[in-house]
Amino acid sequence: MSSQYAWRVVRKVLLWLVIALIAVMIGAMIGYGIGGGDPLKVFLPSTWGHIADFLK
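Going by this note's numbering, the first residue of the sequence shown is number 93, and it counts up by one from there.
Keep in mind that a hint or two might mislead.
[Unchecked claim] Cβ-Cβ distance ranges computed for the label pairs, FRET-style:
#: 1; residue 1: 130; residue 2: 93; range: 43 to 51 Å
#: 2; residue 1: 142; residue 2: 113; range: 20 to 28 Å
#: 3; residue 1: 111; residue 2: 148; range: 30 to 38 Å
#: 4; residue 1: 109; residue 2: 143; range: 19 to 27 Å
#: 5; residue 1: 146; residue 2: 97; range: 45 to 53 Å
#: 6; residue 1: 117; residue 2: 141; range: 17 to 25 Å
#: 7; residue 1: 136; residue 2: 93; range: 40 to 48 Å
#: 8; residue 1: 110; residue 2: 140; range: 18 to 26 Å
These are calculated hints, taken from the structure and not from any lab test.
Beta carbons: idealized from backbone N, C-alpha and C, even for Gly.
Can you build the whole structure from these sequences, using the hints too?
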């Protein structure tokens with residue numbers, strides 16, 4: 093396996109990870125907005141703390 097091929101594979105994997113992360117962030121914003129909240133508040137640590145407490 094050549095280093096050029098390995099680098100292409102690594103770049104593709106990283107690209108898909110970034111795309112997936114962006115999709116999750118947009119989905120969380122849309123879901124939180126539909127639920128009646130401010131879409132940007134989905135990124136606050138207090139929101140995630142509340143979710144973690146709810147799941148316990």
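Here's how the hints hold up against the structure:
1. 130 to 93: 43 to 51 Å: Because 48 Å falls inside the window, the suggested range holds.
2. 142 to 113: 20 to 28 Å: holds, 22 Å
3. 111 to 148: 30 to 38 Å: holds, 32 Å
4. 109 to 143: 19 to 27 Å: Hint holds: Cβ distance 23 Å, inside 19 to 27 Å.
5. 146 to 97: 45 to 53 Å: The hint (45 to 53 Å, Cβ to Cβ) holds, given that residue 146 and residue 97 are roughly 46 Å apart.
6. 117 to 141: 17 to 25 Å: holds, 18 Å
7. 136 to 93: 40 to 48 Å: 44 Å Cβ-Cβ, so the 40 to 48 Å window holds.
8. 110 to 140: 18 to 26 Å: Roughly 21 Å apart at Cβ, these two residues keep to the hinted range, so it holds.
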